[in-house]
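**Student:** Next come the chains, spelled out residue by residue.
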Amino acid sequence: DAGVIQSPRHEVTEMGQEVTLRCKPISGHDYLFWYRQTMMRGLELLIYFNNNVPIDDSGMPEDRFSAKMPNASFSTLKIQPSEPRDSAVYFCASSFRGLYGYTFGSGTRLTVV
Amino acid sequence: TQLLEQSPQFLSIQEGENLTVYCNSSSVFSSLQWYRQEPGEGPVLLVTVVTGGEVKKLKRLTFQFGDARKDSSLHITAAQPGDTGLYLCAPAGSQGNLIFGKGTKLSVKP
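Respectively, the protein sequence lines represent chains A and B. Its first residue numbered 667, the first sequence is counted upward by one per residue in the numbering used here. Its first residue numbered 33, the second sequence is counted upward by one per residue in the numbering used here.
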């Protein structure tokens with residue numbers, strides 16, 4: 667398996683633009699997590715899915731953020747409109763039953779100017 | 033709200049030295065994981081500890097889960113430059129999710 671695949675690796679966008687981050691989890695994993703990492707706050711859980719169903723989205727900062735998982739092999743995190751304070755590294759991770767550890771993707775470094 | 037503290041925040045040592053980093057909480061956890069994150073990459077799982085007092089070894093790394101399952105430590109013997117990275121502890125939350133600490137940033141100089 668190629669692991670968790672995220673795209674793009676880097677994204678630079680202007681304030682107010684829509685940004686879509688993509689994730690392909692490991693085949694067979696039933697949990698998918700979206701995290702945001704900054705120096706100040708560390709790794710923050712934004713939302714997670716179990717069997718494609720959102721379970722907890724309490725970490726989503728505001729209505730500008732939305733996430734979907736239309737099938738077991740694909741998820742998106744969308745920010746609309748983007749703001750400079752959204753600049754961070756966004757990680758997707760997947761897990762089998764949440765018991766055996768998370769496998770993280772390499773992240774998307776987002777810069778909003 | 034579960035408070036999770038990792039210490040020290042930063043650690044810079046010479047190759048060959050020993051070190052210990054800590055992960056402390058006021059809550060009891062069913063299990064705890066340790067991850068290492070290298071620059072530009074996602075965290076990678078090192079170990080899972082489940083039983084209070086459990087000790088696990090991974091080559092030069094020794095992980096211990098506290099008796100009361102509220103704290104954990106990671107000891108590295110004879111550190112090498114390849115050990116450089118951000119070490120994150122992650123206890124299990126109540127719904128199968130992990131709670132990550134802010135980590136200890138370790139730099140091992142040759």
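The set of hints was computed from the structure by calculation and includes no laboratory data. Predicted, not measured: the structure shown is a model, and the values here were computed from it. It cannot be assumed that every hint is accurate.
Stated by the list, open to error - Chain A stretches covered by chain B per the calculated footprint, using a threshold of three residues with CB under 8 Å from any CB of chain B: (1) 688 to 697; (2) 724 to 737; (3) 743 to 750.
What the hints assert, rightly or not - Chain B stretches covered by chain A per the calculated footprint, using a threshold of three residues with CB under 8 Å from any CB of chain A: (4) 76 to 89; (5) 130 to 138.
All C-beta atoms, glycine included, are put in the ideal place defined by N, C-alpha and C.
**Student:** So, for every hint listed, does it hold in this structure?
**Tutor:** So, going through the hints one by one against the coordinates:
1. Requiring three or more residues with a Cβ within less than 8 Å of a Cβ of chain B, the coverage given for the stretch 688 to 697 of chain A is violated, as only 1 such residues are present.
2. For the stretch 724 to 737 of chain A, the stated coverage by chain B is violated: 0 residues have a C-beta nearer than 8 Å to a C-beta of that chain, whereas at least 3 were required.
3. Coverage of the stretch 743 to 750 of chain A by chain B is violated [criterion: at least 3 residues with CB-CB distance below 8 Å; count 0].
4. Taking a C-beta to C-beta cut-off of 8 Å, the stretch 76 to 89 of chain B contributes 3 residues in contact with chain A, enough for the three needed, and the coverage statement holds.
5. Evaluation of the coverage hint for the stretch 130 to 138 of chain B: fulfilled, as 6 residues show C-beta separations to chain A shorter than 8 Å, against a requirement of three.
In this structure, the hints that do not hold are numbers 1, 2 and 3, in rising order.
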